[in-house]
Amino acid sequence: MSDWRARPAVRWAGVALIALTLAVLPFALAQVGTTWVRITDYAILYVLLALGLNIVVGFAGLLDLGYIAFYAVGAYTYALLASPHFNLHLPFWVILPIGAGIAALFGVLLGTPTLKLRGDYLAIVTLGFGEIVRVFLNNLSQPVNITSGPQGIARIDPFRIGDFSFSSFQRIGGLEFSGAIKYYYPLLLVVLAVIVVNLRLQNSRIGRAWEAIREDEIAARAMGINTRNLKLLAFAMGASFGGLAGGMFAAIQAFISPESFILVESVMVVSMVVLGGMGNIWGVILGALLLSFTPEILRWTVEPVQHALFGRSLIEPEVIRMLLFGLALVLIMLFRPAGLLPSSVRKRELTQQTP
Amino acid sequence: MDTFLQQIINGLTAGSVYAVVALGYTMVYGIIQLINFAHGEVVMIGAMVAFTVINALVPSGLPPLVIVLIGTGVAIPVCMLVGYAMERLAYRPLRHAPRLAPLITAIGVSIILQHLALMIWSRNVLAFPQIIPSRTYMIGGAAITTVQIAILAICFGLMAALAILIYRTPLGTAMRATAQNQQVAGLMGIDINRVIAATFVIGAGLGAVAGVLYGTYYGLAQYTMGSILGLKAFSAAVLGGIGNIPGAMLGGVLLGIVEALGAGYIGDLTNLCQYDVLASRIDDCAGGGNFVLFGSNYQDVFAFLVLILVLVFRPSGLLGERVGDRA
Numbered sequence: 000m001s002d003w004r005a006r007p008a009v010r011w012a013g014v015a016l017i018a019l020t021l022a023v024l025p026f027a028l029a030q031v032g033t034t035w036v037r038i039t040d041y042a043i044l045y046v047l048l049a050l051g052l053n054i055v056v057g058f059a060g061l062l063d064l065g066y067i068a069f070y071a072v073g074a075y076t077y078a079l080l081a082s083p084h085f086n087l088h089l090p091f092w093v094i095l096p097i098g099a100g101i102a103a104l105f106g107v108l109l110g111t112p113t114l115k116l117r118g119d120y121l122a123i124v125t126l127g128f129g130e131i132v133r134v135f136l137n138n139l140s141q142p143v144n145i146t147s148g149p150q151g152i153a154r155i156d157p158f159r160i161g162d163f164s165f166s167s168f169q170r171i172g173g174l175e176f177s178g179a180i181k182y183y184y185p186l187l188l189v190v191l192a193v194i195v196v197n198l199r200l201q202n203s204r205i206g207r208a209w210e211a212i213r214e215d216e217i218a219a220r221a222m223g224i225n226t227r228n229l230k231l232l233a234f235a236m237g238a239s240f241g242g243l244a245g246g247m248f249a250a251i252q253a254f255i256s257p258e259s260f261i262l263v264e265s266v267m268v269v270s271m272v273v274l275g276g277m278g279n280i281w282g283v284i285l286g287a288l289l290l291s292f293t294p295e296i297l298r299w300t301v302e303p304v305q306h307a308l309f310g311r312s313l314i315e316p317e318v319i320r321m322l323l324f325g326l327a328l329v330l331i332m333l334f335r336p337a338g339l340l341p342s343s344v345r346k347r348e349l350t351q352q353t354p
Numbered sequence: 000m001d002t003f004l005q006q007i008i009n010g011l012t013a014g015s016v017y018a019v020v021a022l023g024y025t026m027v028y029g030i031i032q033l034i035n036f037a038h039g040e041v042v043m044i045g046a047m048v049a050f051t052v053i054n055a056l057v058p059s060g061l062p063p064l065v066i067v068l069i070g071t072g073v074a075i076p077v078c079m080l081v082g083y084a085m086e087r088l089a090y091r092p093l094r095h096a097p098r099l100a101p102l103i104t105a106i107g108v109s110i111i112l113q114h115l116a117l118m119i120w121s122r123n124v125l126a127f128p129q130i131i132p133s134r135t136y137m138i139g140g141a142a143i144t145t146v147q148i149a150i151l152a153i154c155f156g157l158m159a160a161l162a163i164l165i166y167r168t169p170l171g172t173a174m175r176a177t178a179q180n181q182q183v184a185g186l187m188g189i190d191i192n193r194v195i196a197a198t199f200v201i202g203a204g205l206g207a208v209a210g211v212l213y214g215t216y217y218g219l220a221q222y223t224m225g226s227i228l229g230l231k232a233f234s235a236a237v238l239g240g241i242g243n244i245p246g247a248m249l250g251g252v253l254l255g256i257v258e259a260l261g262a263g264y265i266g267d268l269t270n271l272c273q274y275d276v277l278a279s280r281i282d283d284c285a286g287g288g289n290f291v292l293f294g295s296n297y298q299d300v301f302a303f304l305v306l307i308l309v310l311v312f313r314p315s316g317l318l319g320e321r322v323g324d325r326a
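Going down the list, the protein sequences come from chains P and B.
Going by numbering that gives the first Met the number 0, the residue at position 330 of the first sequence is 329; the numbering climbs one at a time, nothing skipped.
Going by numbering that gives the first Met the number 0, the residue at position 31 of the second sequence is 30; the numbering climbs one at a time, nothing skipped.
Only part of the chain P face toward chain B is listed, based on derived beta-carbon distances under 10 Å: (1) Leu116; (2) Gly118; (3) Ala122; (4) Ile131; (5) Val134; (6) Asn137; (7) Val273; (8) Glu315; (9) Gly325; (10) Ala327; (11) Leu328.
Computed beta-carbon distance windows for the label pairs: (12) P/Val9 with B/Leu186: 53 to 59 Å; (13) P/Ile296 with B/Gln298: 35 to 41 Å; (14) B/Tyr136 with P/Leu326: 46 to 52 Å; (15) B/Met118 with P/Leu21: 35 to 41 Å; (16) B/His95 with P/Asn225: 31 to 37 Å.
Partial list, computed: chain B residues near chain P (C-beta under 7 Å): (17) Ile103; (18) Ile106; (19) Ile111; (20) Phe290; (21) Val311.
Hints listed in this document are in silico derivations from the structure and should not be mistaken for laboratory results.
No experiment lies behind these values; they were computed from the predicted model shown.
Don't be surprised by glycine CBs; every beta carbon is placed ideally from N, CA and C.
The whole structure should be built from the sequences, with the hints applied where relevant.
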């Protein structure tokens, strides 16, 4: 039992089982309802965002409360380069890297002036940065119309390879593929790639350097770590994952507006990271999945329960959903302050008494 | 009318309200290093409770001032109770947890409070009844209303009272001692739990008054008003150096003024048509047209831009001490 890792056969069987489950998952969900496939797609996007933010917050220990700005940058890059708005229709595999690159540039832009800041000061500056990006998105419709302001950009191109469009319903070999199911696979591929990158990063030279910076920046510098470059790298890498997720969000959604990039979204992603366990990749994934599915499950259960108990809907389901969400945040933090799956380093920290 | 003086007056009014809210953030931060994200919601609840009471009392025919006083008088204890409950249930158990844990509960509490308010008052905007006759006075070409005068007077009065409380009373001394070193303060016979609870209660009380003032100034209150107000007030606190009481006052007033001046002038400054070199090349300028790059709707950017600039050059805020801390 304890040495299953050492037995390749068992290990590969496990991997195959997980791969199979992930491959048939959307069809199983489609049986429950097509919405659930869509919800899963968005959950994967949140996993991407949470993993990206985890690099900044979990690995490098830089609290970023404006992370959604990079998501917005990626989404708007995609929307502007693939929609009737400017009449540009570049293919997605060109735009997504561009979006990730521009987001990384924004990451450096945010990182450079804030290198000296720590903790809460950094938190508020990043928060301000997120708000600034949103205000610009809202107002860059005048005097020259770039972002269409609050109306947002509509009719964004879906992913397309030749004639194969990811957004339309199709029947392939007897299986019914809805748009949501089609998007699921590229999303899954990207998220798996990002997970691999994260896992490899964590124990690399860079990952260890980030950890050192997080634990004690001055000591890290004394050890010869170039803290400036590494912090900028953390911002840039985190931002590029955000940009990537944003581009895919724009394609799936086909419509974006500044409404999707409000502070609450940043807070949501931070909550996912902290809730799951900062710095622990599996914890972060768990946090992201929990926080994206729980509210949806609540949305679908709260209304019927109210009808069964009182015969009518007393409180809007949306309100109850958010109330329970807030309550969940508080309770989980009260009982597991280091997150659901804390990273081993954090666990070690917690058992030691800090002065 | 003198734009400059007018915007200074407007900025001073809004800024003094920011300052009072910022005090709530900075007191809590100073004592337990927690960003109390939910403070903005406490301010909102103060405004909502007060407006509900005021609207209910209008038909009674009491003098307007008495009505407003009763409304505020109800709002203050309600907010204090919320502040106390928040500290007791959500923050105290986490006092020795990792730094980010109470921040997340604060976010959770903020979501809970906002949606409780949504449940109680729905999405409607509560209007402040026009019961106080507003008179306008002119000072050197700028207008100032009685409401503005009242807000300024109350805010500066509150700040003075708080300064006396913190620097001249035993409770204030205990608060400062706890902020410096909790353990040692405990050894000196200070009941730390009581002092921290008192800090939350005082901050919430100030927040309640600020909520009423803010609502009165803009004439309305809504369940969402807490977040943006809280954000700005928190920026103000950081601007002045978080944890620093005079810093929060200075930061709030400065932020209000910068914001008002920014909103007042940016439209004119970025109107490219006034620059001859550019005007001849922009079609819109023909016949006295305008080509405004950034209008006053960028007002919110100013607050944050100034904040970022200050922090870049003075990372611990204007009056803050340099301390090494991290997330």
